[in-house]
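J.: Sequence:
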Amino acid sequence: MLSSKEILDATGISRATLNNYIAQGLVSRPVVMNPGAARGPRQLGFFPESTIERVRHIQKLKQEGVSMVNIASQLHSEVASSEAPAPSASSAPIPVSPGIKVTLDELPHPAYMLSPNFELTWLNEHARTQLFAGLASLPATSEERGLFRLLAARGCWDDWRDLLDFHLGLAKGRLSPRGVVQLSQGIPIELSNQLQQRLQQIDDISVRPVAEASISLADAAGRQQRYKVYASFFREGIFIVYVPDHSQHDSLLEFLSRRDEVIRGLLQRRLPVLTPLAVVVADLQGSVKICSELPPEEYFELINEIWTAMGPIFRKYRATCGKHVGDGLVYYFFPQPDSDYLSNAIACAQEIGQEMQKLSKAWQLRKNWLNELYLNIGITEGQEWLGTFQTPTSIEFVVLGDTINQAARISDLARHGAIWATKSLIGKISSEDRQKIRYGVRRRTADGRDIFVPTSFCMVSSLLEQNGARTEKLSDIATLAVTEIVNTPL
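Residue numbers for the sequence shown follow this note's numbering, beginning at 1 and rising by one.
In case anyone wonders, no lab produced these hints; they're calculated from the structure. Think of the CB as a built atom: it goes at the ideal place given N, C-alpha and C, for glycine as much as any other residue. Among the hints, erroneous ones may be present.
Said to hold, decoys possible - Dumping the calculated DSS-like pairs for lysine-lysine here, alpha-carbon to alpha-carbon at most 25 Å:
hint, residue 1, residue 2
1, 367, 289
2, 361, 316
3, 316, 172
4, 358, 316
5, 323, 473
Unchecked claim - Ranges between beta-carbon positions, derived for each pair:
hint, residue 1, residue 2, range
6, 301, 14, 41 to 51 Å
7, 361, 153, 48 to 58 Å
8, 365, 390, 38 to 48 Å
9, 300, 473, 20 to 30 Å
10, 212, 361, 50 to 60 Å
11, 362, 259, 10 to 20 Å
12, 212, 10, 33 to 43 Å
13, 161, 433, 17 to 27 Å
Kindly generate the complete structure, drawing on both the sequences and the hints.
T.: What follows is the structure, given as structure tokens:
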């Protein structure tokens, strides 16, 4: 008999892969025995010595391009397991044994994660081979990851009507009519017209912890197979699993009930994507001075109060919290199917500026001081790589590239709660939304008066004092064209 460690060392597979093979019935379940050692665990799982040969055979089939579904179909009759009868020959995945606790790596069925924009952010091997055949890897850009665009490229619309209707129902229940229409971007016009027609005929699937439906899909040979489809709704998107009708569902439903574990695992596996975005950076002006004037407990209370007050505003405009060193705020705004992410960033900045004025007055009354509290805000846009970093306690969204650094530099430029944005961002906003905001640059006349010149821009270098202390710090954005957004509601 062999221990799991001996099998892992001999074959080079991971423990998760070994568990997956056990869950699919490709490898016999271990026999729990006492290893007989004086120290260490009293019970260990041991496998037959033929297990190494079985794993190497699976590896050989995978190298030859055989899918895991077909490998399972070929080998299942050879598995020496007395706990479950062998199913009839089928190209469908083998059911999970009821006693096994399913994890994301062990799902023996097609599964994938959709963003709120219905873009594919993760899929397992079963989904890739059965639903997205020919997709070697996810495209780099968010636009190319659109679900309906990928399905249109596969050419399966006529055979997969149930699947399309199911996803259109999910979209109809989660997005505005405008957002649903935008899902057909990048799709050939005749297929786009079909989508719009189907939208009028189907019912929406309301958002709830888990939605389910029974659908029929045609396999490569044209045979129809029935599936039960489960959709779990999260703030970060929708997780979807397909289970053949003849398979057992209890273990999967138990897995889906562990919502925190599911979404954490999905975010850990989320593949980086090149996406358009806007970045808002807000820094507390004079934080060093404020910290020196307040007792430590009151300073931390102030910072926590700022975060608590601003959090709901950022969520209102669908912002994603980013990583920031110090006591400032960084939030990312990504494209939304039913609103403009650039306008959301500006509206959010204006609202947090107004909320900061309320906090400032409250602390003036509390401390009987003359200090004004300001959040200096910088906004810009770009296209950057979005990914996740895992810490021991959380999953953090991280943007790599110059966009976030540029927004931070612009917030350094701002003073007294001002909001500064780049010309590129203003230029990409629709003319309708642009007319709702007041922006421009303050200029000094020959006689020393300051006047506000609306709908104008200037380079950062022209705003800096000649040879001033801030000139060197902001030299990397000296040629950037910016404008000030007057803090009035949209």
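J.: Which of the stated hints cannot be reconciled with the structure, identified by number in ascending sequence?
T.: 11 and 13
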